[in-house]
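These protein sequences, in sequence, are chains A and B.
According to my numbering, the first sequence is numbered sequentially starting from 1.
According to my numbering, the second sequence is numbered sequentially starting from 1.
Rather than coming from a laboratory, the hints here were simulated on the basis of the structure.
Keep in mind the model is a prediction, meaning the values are calculated, not measured.
Glycine is no exception: its CB is placed at the ideal position from the N, C-alpha and C atoms.
Any given hint could turn out to be false.
Claimed, not checked - Taking lysine-lysine pairs in the DSS-like style, the calculated list, with each CA pair at most 25 Å apart, reads:
no.: 1; chain 1: B; residue 1: K241; chain 2: B; residue 2: K295
no.: 2; chain 1: B; residue 1: K418; chain 2: B; residue 2: K459
no.: 3; chain 1: B; residue 1: K241; chain 2: B; residue 2: K418
no.: 4; chain 1: A; residue 1: K80; chain 2: B; residue 2: K423
no.: 5; chain 1: B; residue 1: K295; chain 2: B; residue 2: K423
no.: 6; chain 1: A; residue 1: K51; chain 2: B; residue 2: K423
Stated by the list, open to error - Quick partial rundown of chain B residues pointing at chain A, CB under 10 Å, derived from the structure:
no.: 7; residue: E10
no.: 8; residue: F215
no.: 9; residue: N242
no.: 10; residue: L269
no.: 11; residue: L274
no.: 12; residue: N380
no.: 13; residue: V383
no.: 14; residue: S473
no.: 15; residue: C481
no.: 16; residue: D492
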Amino acid sequence: MNEIREAIRQFILATYLPGESAENLGDRTPLVTSGLLDSLAVLELTSFIQKRFGVELDVYDTSAERFNTIEEIAGGIVRKQGQVPSHPGGGGAS
Amino acid sequence: MAQHLAEYLEASADKYRDRPAVVDPTGHTATYGDLNREADALARFLAGRGVGPGDRVGVVLPKGLRAVVSFFGIMKAGAAYVPVDFTAPVERGRQILTDCGVQSVIVDARCLDVLPHASGSGSDLRAVIVAGATSEPLAISTTSFEDAIREGGQPIRRTRSANDLAYILYTSGSTGVPKGVMLTHANALSFVDWCSSIFLPSEEDRFSSHAPFHFDLSILDIYLPIKHGAALYVISEDLGKNPKDLARFIAANQLTVWYSTPSILTLLLQFGDLERHDVSRLRIVLFAGEVFPVKHLRALQRLWPKPVYYNLYGPTETNVCTFARIPAHIPDDRDAPYPIGFACSHCAALILDADGREITGDEEGLLYISGPSVFSGYWNRPVENAAAFLDRDGVRWYNTGDVVRRDANDGFIYVGRKDRMVKRRGYRIELGEIERALYLHPSLREAAVVAAPDVDGTKIVAFLSCHGGKPPSIVDLKMFCGTALPGYMIPDRFVIEDRLPRTSTDKVDYQALKGRAHSLR
Chain A
1 MNEIREAIRQ FILATYLPGE SAENLGDRTP LVTSGLLDSL AVLELTSFIQ KRFGVELDVY
61 DTSAERFNTI EEIAGGIVRK QGQVPSHPGG GGAS
Chain B
1 MAQHLAEYLE ASADKYRDRP AVVDPTGHTA TYGDLNREAD ALARFLAGRG VGPGDRVGVV
61 LPKGLRAVVS FFGIMKAGAA YVPVDFTAPV ERGRQILTDC GVQSVIVDAR CLDVLPHASG
121 SGSDLRAVIV AGATSEPLAI STTSFEDAIR EGGQPIRRTR SANDLAYILY TSGSTGVPKG
181 VMLTHANALS FVDWCSSIFL PSEEDRFSSH APFHFDLSIL DIYLPIKHGA ALYVISEDLG
241 KNPKDLARFI AANQLTVWYS TPSILTLLLQ FGDLERHDVS RLRIVLFAGE VFPVKHLRAL
301 QRLWPKPVYY NLYGPTETNV CTFARIPAHI PDDRDAPYPI GFACSHCAAL ILDADGREIT
361 GDEEGLLYIS GPSVFSGYWN RPVENAAAFL DRDGVRWYNT GDVVRRDAND GFIYVGRKDR
421 MVKRRGYRIE LGEIERALYL HPSLREAAVV AAPDVDGTKI VAFLSCHGGK PPSIVDLKMF
481 CGTALPGYMI PDRFVIEDRL PRTSTDKVDY QALKGRAHSL R
């Protein structure tokens, strides 16, 4: 779990907050609702997570309510990793 | 010939009463009959509250049928609509509604804080129409959107003039406050009629409406399909940001005309899994608002080979005024962006040098536009208005501030800007507006914001210095900007220095900062 959080933190710092020190980006720092990550950044982060952790994320998983902090994102990945890989996902028909 | 945008709807409601006019993001479809009836009812309600010609009505709604009904209802009442970004910080919305002194507001229940009333200055609002349920009792008298469009009766009759204001669109202002671009019915009609002549729409067409309604791309999105009895597929703010679902949406609804910024098309290309979807009904792809990097445009054209692509150019002040049709096959070795092309038939274009002399050769100069689509002025900005126009042989020319040069075959080629305005994701940004927001941060002593080219567009870099003590973190600065500025204006990079570089006359040395921004990795 810690490893996942650190990987996400490092990706966000390197990509969107160059020059920032890791302690200023906490596990519970709001990312999306605060404007730290915009919609393009969410897509790029999603793409990074899918490649790095081998999980599929859909629109439900990456909505602001579930994808707003490093803690929530890491929790989502762990849950996904515990699931059977053929899970069809939400599909995004909203 | 129509004299008023509402006539497009009224004519289509006669001819295509039961055809779909607006497909709301919820999936609900309003026919032309429905749309016209609801707009008439809203106009009657507003007129009953004293809203009429010369008035402005703010619209703070998410994209959807209600917003479209509102625009037509307001115009039928004789007033002009002022669309406000539903997702922008409340303070910015309130600034806009206050700046143009709206007499009435149609507002989503989730953003009532935007009302000028909340700041104590808007108690003279004649009507506040609220869409959606309110959780708490309100201090002001309001009407629900449903009640406002419920009343029946005859359509109200207003004297209509093509020179009445139709809408005011706010763009970033160099002084730090957004400025309102005033457009008349005649302005909009001349542009929409030109679109008809080039894109040849029919009632069989299905138009995307991707751009936010406060953005000038929405004028084509809304009024061109309505004029021709076609269907308008309104894309919600959320769907608009989600390329996978957006690609699915385009295919599932068999859209025939797409219009957006290049940024959105690039997102679709990179994240939309486009090869999985059949978009064979798509016949036209329009893009505007910024330069489309050719490598992305070429890749898109390879995936979507059928539609005809057009690069449209024009500031909010004129709407589209030049255009270029992209060749059916973009060569592999082309790197140069496509030109902005030739003046549309309803416009005239002219390049002047710094001394106001016309350039007829291939040197660079400022692009000026004249014609019936040129706006009437900025709301309540006499200084900017005086600077915006040039009278030349009795013709009023608008100075776009864009530097272009002429190519014998390709028409105009966009070169850049002389001032501090930049384009990002299609939005105009005055860098001074970002600086002004940053200066409100208690720890900051100096702020200078510059733009530098990036792989896919423009990167915005803020150079800052602080009053002693611990400097704010980058996370803190980004969040601070997020409370005052829309997302597209938040800088990508923050660089804190002891003191900003100065020129010999003690001004911030922007040239030096641009160089530093350029070399930032």
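**Asked** Measuring from the C-beta of L274 (chain B) to each C-beta in chain A, is the shortest one below 10 Å?
**Response** violated (15 Å)
**Prompt:** At a threshold of 10 Å, is the proposed contact between L269 (chain B) and chain A supported by beta-carbon distances?
**Reply:** Violated - the Cβ of L269 (chain B) stays beyond 10 Å from chain A, reaching only about 12 Å at its closest.
**Prompt:** Is the straight-line distance between the alpha-carbon of K295 (chain B) and that of K423 (chain B) 25 Å or less?
**Reply:** Holds. K295 (chain B) to K423 (chain B) sits at ~19 Å (cutoff 25 Å).
**Message:** Hinted pair, alpha-carbon criterion (25 Å max): K80 (chain A), K423 (chain B). Please report holds or violated.
**Reply:** violated (39 Å)
**Restraint check, 10 Å cut-off on beta carbons, for D492 (chain B) near chain A** = With a closest approach of 8 Å, the D492 (chain B) hint holds.
**Request:** Quickly compare the C-alpha distance for K241 (chain B) and K418 (chain B) to 25 Å and report which way the hint goes.
**Result:** violated (31 Å)
**Asked** Should the interface hint for E10 (chain B) be scored as holding, given a Cβ-Cβ cut-off of 10 Å against chain A?
**Response** E10 (chain B) check fails; min Cβ-Cβ to chain A is 34 Å, beyond 10 Å.
**Message:** Given a cut of 10 Å on the nearest C-beta pair, is the interface hint for F215 (chain B) held or broken against chain A?
**Reply:** violated (16 Å)
**Restraint outcome when N380 (chain B) is required to lie within 10 Å of chain A by C-beta distance** = violated (30 Å)
**Satisfaction of hint between K459 (chain B) and K418 (chain B), Cα-Cα up to 25 Å** = holds (17 Å)
**Request:** Take a quick look at whether K51 (chain A) and K423 (chain B) sit within 25 Å of each other, Cα to Cα.
**Result:** This hinted pair is violated, its Cα atoms lying about 32 Å apart.
**Request:** Could you check if C481 (chain B) really has its C-beta closer than 10 Å to a C-beta on chain A?
**Result:** holds (7 Å)
When held up to the earlier numbered hints, the structure conflicts with 3, 4, 6, 7, 8, 10, 11, 12, 13 and fits the remainder.
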